[in-house]
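Residue numbers (our numbering): 1 to 118.
There's no promise every hint is true.
To be verified - Calculated pairs, DSSO-like style, for lysine-lysine (alpha carbon to alpha carbon, straight line, at most 30 Å):
1) K53 - K104
2) K66 - K40
3) K104 - K40
4) K5 - K104
5) K13 - K36
6) K66 - K114
What the hints assert, rightly or not - Okay, the calculated beta carbon distance ranges per label pair:
7) P81 - L4: 30 to 38 Å
8) M1 - R85: 25 to 33 Å
9) A77 - D107: 15 to 23 Å
10) K36 - M1: 20 to 28 Å
11) R56 - A77: 15 to 23 Å
12) Y39 - I10: 17 to 25 Å
I should point out that these hints are in silico values taken from the structure, not numbers from a laboratory. Even glycine gets a Cβ: it sits at the ideal position worked out from N, Cα and C.
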Amino acid sequence: MLNLKEVMEIGEKRVSQFHAQYVVYSDLRNKGYLVKTGYKFGAHFRVYEKGVKIKRGPKAPFEHTKFVVHAVPEETAFSLPEMSRAVRLAHNIRATFVWAVVDKENDVTYYEIKRLKP
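All chains, please: the whole structure from these sequences, using the hints.
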């Protein structure tokens, strides 16, 4: 069984921005959210409201993905087309795109990004 230090070492060698992803995942779980992989939607995580149980088939509105979250260190630069793509993908599944920025103190700031309709 690996300890946390070993998991972090392996993760940081194999996954780009692993530390930021781990910090955001832990923060969301500590807040009670259900967190699943979001790679299918072009982000790191899909986030469900507290208490939701994942099931197949028809879902009530509260059972759908609430947020699509992308975790990044604070020094990360991004392009507007990249951001636009992520927001559009989240919108297609009726979720809100969230940019989760991890600073050097491991504090997370969440930026909710939505489409504006003129």
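The hints, checked one at a time:
1. K53 - K104: 34 Å, violated
2. K66 - K40: 15 Å, holds
3. K104 - K40: It holds: about 29 Å lies between the C-alpha atoms, which stays within 30 Å.
4. K5 - K104: This hinted pair holds, its Cα atoms lying about 18 Å apart.
5. K13 - K36: 22 Å, holds
6. K66 - K114: Measuring from Cα to Cα gives roughly 13 Å; hence the hint holds.
7. P81 - L4: 30 to 38 Å: 37 Å, holds
8. M1 - R85: 25 to 33 Å: 39 Å, violated
9. A77 - D107: 15 to 23 Å: 20 Å, holds
10. K36 - M1: 20 to 28 Å: Roughly 24 Å apart at Cβ, these two residues keep to the hinted range, so it holds.
11. R56 - A77: 15 to 23 Å: With Cβ atoms ~39 Å apart, the hint is violated.
12. Y39 - I10: 17 to 25 Å: 19 Å, holds
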